[in-house]
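One line per chain: the protein sequences are A and B, in this order. Numbers given in the working numbering equal positions in the first sequence, counted from 1, plus 7. Numbers given in the working numbering equal positions in the second sequence, counted from 1, plus 411.
These aren't lab readings, by the way, just hints derived from the structure by calculation. All of these numbers come straight from a predicted model, not from anything done at the bench. A couple of the hints might just be wrong.
Stated by the list, open to error - Where chain A lies over chain B, by a calculated footprint (3+ residues, C-beta under 8 Å):
#1 614-623
#2 800-806
#3 841-853
To be verified - Chain B residues, not near chain A, derived (Cβ > 10 Å throughout):
#4 K523
#5 F675
#6 G837
Said to hold, decoys possible - Derived list of chain A stretches under chain B, where covered just means 3 residues or more per stretch with a C-beta under 8 Å from a C-beta of chain B:
#7 24-31
#8 152-165
#9 170-182
Glycine is no exception: its CB is placed at the ideal position from the N, C-alpha and C atoms.
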Amino acid sequence: MDKKKKRSITRGVILIVLLAAIAYTVYSSATKDKVEVLQVGDKAPDFELVDLYESGLKHRLSDYEGKGIFLNFWGTWCEPCKKEMPAMSNQYASYKDQGVEVLTVNIAQSEFEVKKFIESLDVHFPVAIDKTKSVMTAYNVDLLPATILINPEGEVEKIITGEMNEAQIASYMESIKPEQE
Amino acid sequence: MEKIICVCGHENPAGTKLCGKCGRPLTEEAKTSKIVDMKYDGAAIRSKTRNKSIIDKIWNFFSSVRVGITLIIINLIAASIGTIFPQEFYISVSTEPEKAAYYEKTYGSLGKLYYELGLSNVYSSWWFQVLVGLLAISIIVASIDRGIPLHKSLKNQRVKRHESFMKRQRIIAEGAVTEGDSANTMNLVEEKMKKLRYKVRRDGNALLAERGRFARYGPYINHVGLIVFLTAVMLRLVPGFYVDESMWIREGEMRAVPGMEGYFIENEKFILETHDNQQTENQELQGVNVVAKNYQTDVKLYKQADNSIPGQADNLELVKEYSVRVNHPLQHDGYAFYQMDFRLNEIKAMNFELTNKETGASLGAVSIDLANPQDEYVINDQTKVELMGYYPDFSGFENGEPQTATPTPNNPAFIFKMVTPDKPEGEISFVAIQQTIEPNGDNTHKMAFNSVETRNMSGLTVHKDSTIPMLAIGGAIFMIGVVIGSYWHHRRLWVEQLEDGTIRLAAHTNKNWFGIKKDLDAVTAFAHLPTYIDQSEDDQDEKEKEGDSTL
Chain A
8 MDKKKKRSIT RGVILIVLLA AIAYTVYSSA TKDKVEVLQV GDKAPDFELV
58 DLYESGLKHR LSDYEGKGIF LNFWGTWCEP CKKEMPAMSN QYASYKDQGV
108 EVLTVNIAQS EFEVKKFIES LDVHFPVAID KTKSVMTAYN VDLLPATILI
158 NPEGEVEKII TGEMNEAQIA SYMESIKPEQ E
Chain B
412 MEKIICVCGH ENPAGTKLCG KCGRPLTEEA KTSKIVDMKY DGAAIRSKTR
462 NKSIIDKIWN FFSSVRVGIT LIIINLIAAS IGTIFPQEFY ISVSTEPEKA
512 AYYEKTYGSL GKLYYELGLS NVYSSWWFQV LVGLLAISII VASIDRGIPL
562 HKSLKNQRVK RHESFMKRQR IIAEGAVTEG DSANTMNLVE EKMKKLRYKV
612 RRDGNALLAE RGRFARYGPY INHVGLIVFL TAVMLRLVPG FYVDESMWIR
662 EGEMRAVPGM EGYFIENEKF ILETHDNQQT ENQELQGVNV VAKNYQTDVK
712 LYKQADNSIP GQADNLELVK EYSVRVNHPL QHDGYAFYQM DFRLNEIKAM
762 NFELTNKETG ASLGAVSIDL ANPQDEYVIN DQTKVELMGY YPDFSGFENG
812 EPQTATPTPN NPAFIFKMVT PDKPEGEISF VAIQQTIEPN GDNTHKMAFN
862 SVETRNMSGL TVHKDSTIPM LAIGGAIFMI GVVIGSYWHH RRLWVEQLED
912 GTIRLAAHTN KNWFGIKKDL DAVTAFAHLP TYIDQSEDDQ DEKEKEGDST
962 L
């Protein structure tokens, strides 16, 4: 009797292990493209980029702890990026004092192009260029525009790909606003 | 589940066909058949012994050979469907709509259906992976279920077997020795069988000669190899085991390496060399102009200092300098960079002459580095060109503003403000390839295009596969199993001398009956044994089953 029970348990364990292996395989292949990428709830990878205008100013993510970070990746050729920028600029003006920081990251274009572009749009928020695409790689940005919301605890709150309208931008900034003391 | 107690007193698990100790047939089927079924040596297949709980039922399902074969066939069909049209990763378009369009355009409505059913990416589909997984479970369960009882029964073989077992073997002999003293027969048999490299065991008046028992383990070894192989394939999905990324990098650029954290690669130079030989007739016929000799990218691999973070580029240390050529990848730390693709002559810089339209006189040259355009290009105190806009891939105007379609300088366009002694307030000119617009009417000066400088772009793939050793080991084990199972045979000979001095003999092999008969002929002649008969010789059905008893 004991022996039978033991055998049943052995069989059960073997079957469970094998089924778990299948489940894991299917799961990880389904999420393959995202495995090494960050997901909502992950700690946002730290990075450091030099400001477009002040070469002495470095934007380091970990320096902004306690603030909500609105991290936006863009390029001058990307039409939706261009469209959402004025709204971002507007909302940043009102959320700046509430502990929300905006950092927009251009993907490896020349300073000239980036400056001209920002000036022509007359938008006001910090801009940096990811010259080696390393931040883009770390955040696994594929399609532009891409926006990563990082809460005051430094965790990824939401990942948005595609154009946002002003109301959405406002609600996103609201969602990462630190609690007022 | 009751045990079956044999006449000899040995307790056998239910489902046993031949008593584990003496070999007496235990089932009705075995008792009535002329030749016993020697598969698994008559031991009870584990799944046959009990069939009670849900676990046992699942277990038995996977243990079934019929289920296993069905799974193999389904897997084969699924895998072959994936070869009807090329899979998505062989197609050089990246976005979903492009892929859909590609299949429809190239293969018609069948191609469209193929894509829509997800068959264009069969091997990554969840259901294909589940099928392979089920097959793996079937292999493992069936092997445990058969291998362990077989091993036990082979290990605990008795020398002396019961008459009913002996008589039901395919090859038997019974009778008096044909010549000489029967008292010495067993010794002669032992001597001869040892010479034939059999292992001989004796127990009283019985003898068991056995050879090549390990051949019975061939199929199980082969299964182990298969499982190792499948495990390795599965491990590819575990982060860190398998990287396969591609990247484009221009000469002079430095890029973070995808899939290889903290590493950067710089393209120093891309070189394409061609053979300068005369075209052969065949090449001319095929329209081949040049034959490539070498594709090469001279690269520098950098690593960030420890505990650096992405974006920092001021603390890189050079790891390696290498010329990546086809079949000569740059290798570092398990990663390899392969030369995969190239694009020649992308515009890097454009040279203009600031020219007076009327006189054609040049006021000076301006060279614009497209990777790093400047705000202004000063020629002298009174003459300069201000760059007001740069559009690398000019695609037209929108609300009067020039647009760029991509960040790549495929069709560069500029807005210049030319400040000259004649026109100190400046003249504005929009300059694109073969297109000049002067928004404020006729200018006296123009930016005359002079020449371009180009650079090349290299396509590299970054590859890492830590599962290769495991794949190789799995493959090797598999082949060893196949060889063992195919080229060695398990042969056994049971001989018993009855009290009246007559001999009873039986022989069995899992394959190649011709071989064992040769051995038997030799020992029969040597020890003057009675002539053996092959009980299946007149029985066509049994003969056809010959190859069936590998396990």
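The hints, checked one at a time:
With 0 residues having a Cβ less than 8 Å from any Cβ of chain A, the region 614-623 of chain B misses the three-residue criterion, and the hint is violated. For a cut-off of 8 Å, the count of residues in the region 800-806 of chain B with a CB near a CB of chain A stands at 4, and the three-residue condition holds. By the rule of at least three residues with a Cβ nearer than 8 Å to a Cβ of chain A, the coverage given for the region 841-853 of chain B is violated, with 0 such residues. Distance to chain A confirms K523(B) as a non-interface residue, since its nearest Cβ pair spans about 24 Å, more than 10 Å.
A Cβ of chain A approaches the Cβ of F675(B) within 10 Å, the least distance being about 6 Å, so the stated non-interface status is violated. With a least beta-carbon separation of about 17 Å from chain A, G837(B) lies farther than 10 Å from that chain, consistent with its non-interface assignment. Here the region 24-31 of chain A counts 5 residues with a CB under 8 Å from a CB of chain B, which clears the bar of 3, and the coverage holds. With a threshold of 8 Å between beta carbons, the proposed coverage of the region 152-165 of chain A by chain B is violated, since 0 of its residues qualify and at least three are required.
Coverage of a stretch by a chain is defined here by at least three residues with a beta carbon nearer than 8 Å to that chain's beta carbons; for the region 170-182 of chain A and chain B the count is 0, and the condition is violated.
Of the numbered hints listed earlier, those contradicted by the structure are 1, 3, 5, 8 and 9.
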